[in-house]
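Every position in the sequence shown, counted from 1, becomes a number in my numbering once 6 is added.
Calculated directly from the structure, the hints in this document are not laboratory data.
Think of the CB as a built atom: it goes at the ideal place given N, C-alpha and C, for glycine as much as any other residue.
Relax, there's no trap hidden among the hints.
Derived CB-CB ranges, DEER-like:
1) A290 / L742: 46 to 52 angstroms
2) S155 / P288: 55 to 61 angstroms
3) T443 / A398: 19 to 25 angstroms
4) P444 / L48: 52 to 58 angstroms
5) D633 / G41: 38 to 44 angstroms
6) D254 / G579: 51 to 57 angstroms
7) P402 / L663: 55 to 61 angstroms
8) S155 / E227: 33 to 39 angstroms
9) E493 / G579: 33 to 39 angstroms
10) L742 / R321: 47 to 53 angstroms
11) P444 / V662: 42 to 48 angstroms
20 angstroms max Cα-Cα, derived SDA-like pairs, lysine to any residue:
12) K297 / Q261
13) K780 / E227
14) K297 / N238
15) K780 / L665
16) K297 / R263
17) K780 / R215
18) K339 / D639
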Amino acid sequence: MARRRGGAILWLTGIVLAIVGFVLFGVGAWLVALGGSGYYALTGPGLVICAALLVSRLPAALWVYALILLGTVGWSLYEIGLDWWQYAPRGAVLVLVGLWLLAPWMTRALSADADEARPPSAFRGAGIPLTAAVVVAFAVAAAAIFTRSNDQLGVLPHEAVVDLPDDYLGVPAGEWHAYGRTPFGDRYSPLDQITPGNAIELERAWHYRTGEMRRPGDPAETTYEVTPLKVNDRLYICTPHHLVIALDPTTGEEQWRFDPQVPIDASRQHQTCRGVSYHERPNAPAGQSCKHRVFIPTADARLIALDANTGEVCRDFANEGELNLWQGMPARKEGFYYSTSPPVVTDNLIVVGGAINDNVSVTDPSGVIRAYDVDTGELVWNWDSGNPDETAPIGPNETYTHNSPNSWSIMSVDAELGLVYVPLGTSSPDQWGGNRTPAMERFASSVTALRLDTGQVEWTFQAVHHDIWDMDVPAQPSLLDLQIEGEQVPALVQPTKQGDVFVLDRRSGEPIVPVEEVPAPQGAARGDAAAATQPASQLSFAPDPVEGRDMWGVTMFDQLACRIAFQRLDYRGRWTPPSTQGTLVHPGNFGAFNWGGVAVDPERQVMFGTPSHLGFVHRLIPRDDPDANLVSDGDPGLNENYGAPFAVELSPFLSVLGLPCQAPPWGYVAGANLRTGEIAYQRVNGTVRDLAPLPFPFKMGVPDLGGPVMTAGGVAFISGTLDYYVRAYDVTSGRLVWLDRLPAGGQATPMTYEQDGRQYVVVVAGGHGSLGTKAGDSVIAYALPEENPD
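Produce the entire structure from the sequences given, and follow the hints as far as they go.
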């Protein structure tokens, strides 16, 4: 009876293996026809032969399966070496089936070998080679688990190259006056109370909740990305709906709140506020209010001045305290132009950029940069990259250029050189550039230095030529003075989406770290042409080109589907032009770096960043009707590109299970020496705890959308990973030294300050709409335990 049941199990197992084998052979043959690996096409017939032997109850089935398993191990080692996260999905299913075949109820049902009186078992007859194959598979797996194949280990120089004053750039050591702490956007604090040795002791000092959650009608990409400011005895934050709140830095208690009453508008692509700007007016008349101002840009295109002490509107600024940023803007349509980033403030000027909805039309609003008198709100100059030489304020009946490249991110300023540094995006459409003017081509996807007094161009450095991948320069330029061969060189550090970090002389835009022009793939879509070369920095975190062997899955089956998908896409390296076939863009427009940028230490002259590597698919959709909806449900018409020859479908390169098709890791922490342009280390960063169906904290390396802050204590803090943690790293080695669980996604850049002799680190946890991280309204401060006077 038991033998008959065993025969039935053998028969069922054989049928399943046969079905799997035929599928693998058919789909594997398709993969071979597409130019991919022949492994699946060969394994499929092997499984069918094994199935036939099982149904016939012949022990030779175990020999055949042992060969399949050993072949899989050898193929895996050939393709990816000892990489656990790539090895496991290749062989896990086959190893489990091998264990099933070695089970006593299976081996007892097989007929005896020709030279054996009894049926095989795991340790007898035909079971021995299969047992050996399983042992080999487990041994290789164990070796892979303990091989750090994805970490580049090293150390940054520890000693300071220069000593900076405590009030560097006019910011007291314990304060944080601008988005990047200083006008230089370095995201570096001279505080040193927290070190790699004591960071493990960090604890929550206070937890404030804004009460500001997502609202009905909000855009999908409603996100909380603010970096607080700390000036005197207040912290200043904004919320995604542009409320401004002042907090007590010791307790987190609310001191005042201002609501600009921004209307809900689902046609906005983004609903966020990355921060406010602060300005002191030392020459304000005695007794006048608003000597200390906070400026808030809003999602309905206003710029509002507030009294930093009370939160009251400063009525002597502009029109009763407000600037209308729609003034002079073409193609006015509510929700299509707004500010997400804080403006730059100098002694005399406030310089404002803006965001537009991506890829809606060829007549989108302008990307003009405007400078206003910081006291009165009067327009001083306007620089329109579509008409770059005319910077005098336009007349009341004039408008700026449609669709000119815009600056949605954060600018930096060097008041001594008299320059403001502007990171710029592209003209819409992002993925087709056949209609761009020479001026737009010159400034798109560049960092451009403008004269503070006139707005005229001092220099421009283009990070991407003829950008048709949405590789706009996304991050604030970071400024510092580098000591190179005994000379002090004013430098600018510009991280980019494609992973290159350009280190330039900020006086001229000339590279300090070498940049070369490399050949780029051709074959742009109808009516367009790709640039022949693209700039590549010696200092680069761009991933290696992907191949079929780099496709990934939880099992061999979804991995096979990803291999098919990869082979069907057009991919000839990271500058492959978008196509109607579908193009893999790697890294995608999510970026190796995004708006969070990097942190630079002007004393040690090193950089800390969080590069990410995720591929995206760009597919052009031909349009005959210039106004038809091809890829959206209508207003706001994102990615429709009305008036252009193509709409565009954009999506991350995911498997049928919704996981990345490319193998992990997808995110790192990294350190680089800015004086030499060399990467010291790159370590896997983050877990899939909040991404996987089950909350397993596997350290696979996940993207970070936020930015780092560095301190003189040698610690870097980040919170933007897609798992809900704030982390502290040893800047010198990249070693993780502390982490704490957050109540929501922390897609923002932390900051640090000192109050009453105690150093605090502040993290905002509010989530990110398009990334799907948990929404929240938390502002959390951490500090070392207070010393007990007893």
